[in-house]
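Please build the complex by placing chain D on the supplied structure of chain P, with the hints as guidance.
So the sequence lines, in the order shown, correspond to chains P and D. Per our numbering: the first sequence ends with 331, consecutive numbering throughout. Per our numbering: the second sequence ends with 1034, consecutive numbering throughout.
No lab work stands behind these hints, which were simulated from the structure alone. Watch out, some of these pointers could steer you wrong.
To be verified - Derived DMTMM-like pairs: lysine to aspartate or glutamate, alpha-carbon spacing no greater than 20 angstroms straight-line:
1) D:K821 x D:E746
2) D:K775 x D:E994
3) D:K707 x P:E139
4) P:K241 x P:E229
5) D:K1026 x P:E232
6) D:K707 x P:E229
7) D:K775 x D:E1022
8) D:K757 x D:E746
9) P:K113 x P:E229
10) P:K143 x D:E1022
11) D:K707 x P:E171
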Amino acid sequence: MAISSEQVAPVETPAAVQAVDTTKGANRWQYWLFAIPALVFQFFWGWYPMVIAFFLSLTNAPIRGAVTFQGLNNYSRLLADPLVSMSFKITFIYGIGSMLLTFGIPILIAIFLLEIPAKLMRVMMLLWFVPLSGIASTLFWRYLYNEQFGIFQWIATAVLGMEPQAFLSSESWVIFWLIFPGILMFGPGLYYMTGLQGIPKSYYEAAEIEGAGFWRKIWTISLPRLRPIISMTLVFSIIGSLQEFTFPDLMTRGGPNGASRTVVMYMFTLLNEGRYGDSTSLAVLLFIVIMVLVLLYRAFFKDDPDV
Amino acid sequence: MSLFPLVGRKQPRMRVAWSLMNILLWLGIILHLIPFFIMISTSLKPAAEAMAMPPTLWPKNPTLVGWSLIWNISDIAKSLLSQPLSRYFLNSTLMTLGTIILSIPVTSLAAYATSKLIKGRATKPLFIFFIGTLMLPGIVTLIPSFLLTRNFPFPLPVPPNIPGTDIAFPTLRIWNTIWAVILPAGFSASNFLLFKGFFDGIPDSIINAARVDGGSEFNIFRRIIVPMSLPVYAVTTYFTFGGVWDSYLWPLVVIQDSAIAPLTLAIRRISDAFSGAGTTSTMTALGASSAIAPLVEQGLSWNGLMVLGLLQALPVFIFFIFAREYLLKGVRIQGLK
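Isolated chain P, as found in the complex:
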């Protein structure tokens, strides 16, 4: 028996169960074996590059030759670059727009879906969350937005009787057309549904006796109970939407004239030009901006529904 070396305290619960103390004992080192591979990976590909980024952003990091310390030179060069401020502006519009458009709907849908009888709900849930991969959807949207024969052009000209629209080639509208497809993305819906399932039915029954109606129950029970999850997905979507690259890159490559070039896309451009120091500094700038937003959010909104 593995537990024979332990001193067993005589208590009323089965002694052997008590004997295993997971914080002490001869095999405690074994526990760390479970974590070591992950510790190594998380160190080398998680924390190490993250910390190094801040040092690297203070150097020139040239493709050849010695790395020299540059102080804040990279930053002053970036701040003087009009493309940087432009890309930040575009990133903000994209981030705020896609969060406004996409954040609330999945919460409401999750709340509604759980009202449906279980069997039908499973089918409907499946259909709601059926995934179209991100890359495939860019091809789909580019087809829809095509200026000559896209469905949107057909709707604009033949159905609505408007002038032919430029869609993705319009400098002033391209960001809107990039935000719009977000309406079909329902990533975190699954999290909300599991969160909702954890709410005791008795809360709703009690509210009903008190005379609470449909919206009242959503507002005073469902949403507050979902608050930790809403708060978490909100933070993730702030972080995620401001780091967007794939969708605008595949849709427009940042065009026309950089009107849809996000910060990360500009980082990628700098990387391709071999300006590793500048690219890292730009990443650090974005890092700081996102963290300030996240911390501001955390300071004003509390997670805990019981407070």
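Structure of chain D alone, referenced to chain P:
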């Protein structure tokens, strides 16, 4: 089943509210299925019909010409893609499976240790160490990680010299191999959170009972915990699959050789060819570059790109169908404090 009152469901007002909610849900579902329908319908159209104005709902004479042209795209337009499309599929599959095989065990073992084994003062710092990166914008690691793949363990473009000599430190280069995609994904903080949330819900008494029966810690994990936790394994595998299969920026940075490039990069190339300046009138309408001229002549237009999208989406879709029963059961997450 909580928002609508248990009694009085038959009242007219309740009936109207109930129907409105149902209509809204079904409308949303239809909206979600439209892309699939349009993609399938367009993929079966001949080139001209795919670019017809007004667009047709369903092809008059469905044809598979788009499917066969895209599948053989490297034979017809060699300058566009140097490898057959199946090769990119294979590369994506290898990357995805490699990442799953590495990261799911690594991450779940660590989550189990944090949740059930290591208790005491170390637990909290360990937890922060594992999930901390999730709360920070990961983009900042892009350049250092890219440099790490070139000169591991030095995140520098050129490795430093061994002090006192002119010889550079020996470094490990995984850049431009599929390991550059797999190894950095060896631990996933978001999956860690899902695993830990699930393991936290397993009573300690089960583990203690198994210890009494003399199981080694690893056997307890393998024989008792893993079989109990299949839903969370399904969810995390699904997320990993979707993530790596769709990964774009990272392969773009670390994979240069087209023989090992994933499908996403092939799609980038192909869809680029459709946005250059064209030479014939059809090609101008397509916005196509000359690299795909032979394909356009043989009848490829957006029908082929829709095929490409469908082919790329298919594995994620199949995986979703396969894992659907587990998806709701596998997520037990109560937010971060």
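Status of each hint after checking the structure:
1. D:K821 x D:E746: Between D:K821 and D:E746 the Cα gap is close to 61 angstroms, so the pair fails against 20 angstroms, i.e. violated.
2. D:K775 x D:E994: Holds - the C-alpha atoms of D:E994 and D:K775 are around 15 angstroms apart, at most 20 angstroms.
3. D:K707 x P:E139: 16 angstroms, holds
4. P:K241 x P:E229: This hinted pair holds, its Cα atoms lying about 10 angstroms apart.
5. D:K1026 x P:E232: 28 angstroms, violated
6. D:K707 x P:E229: With Cα atoms ~18 angstroms apart, D:K707 and P:E229 stay inside 20 angstroms; holds.
7. D:K775 x D:E1022: 43 angstroms, violated
8. D:K757 x D:E746: 9 angstroms, holds
9. P:K113 x P:E229: 48 angstroms, violated
10. P:K143 x D:E1022: Answer holds: P:K143 to D:E1022 is near 12 angstroms, not above 20 angstroms.
11. D:K707 x P:E171: 50 angstroms, violated
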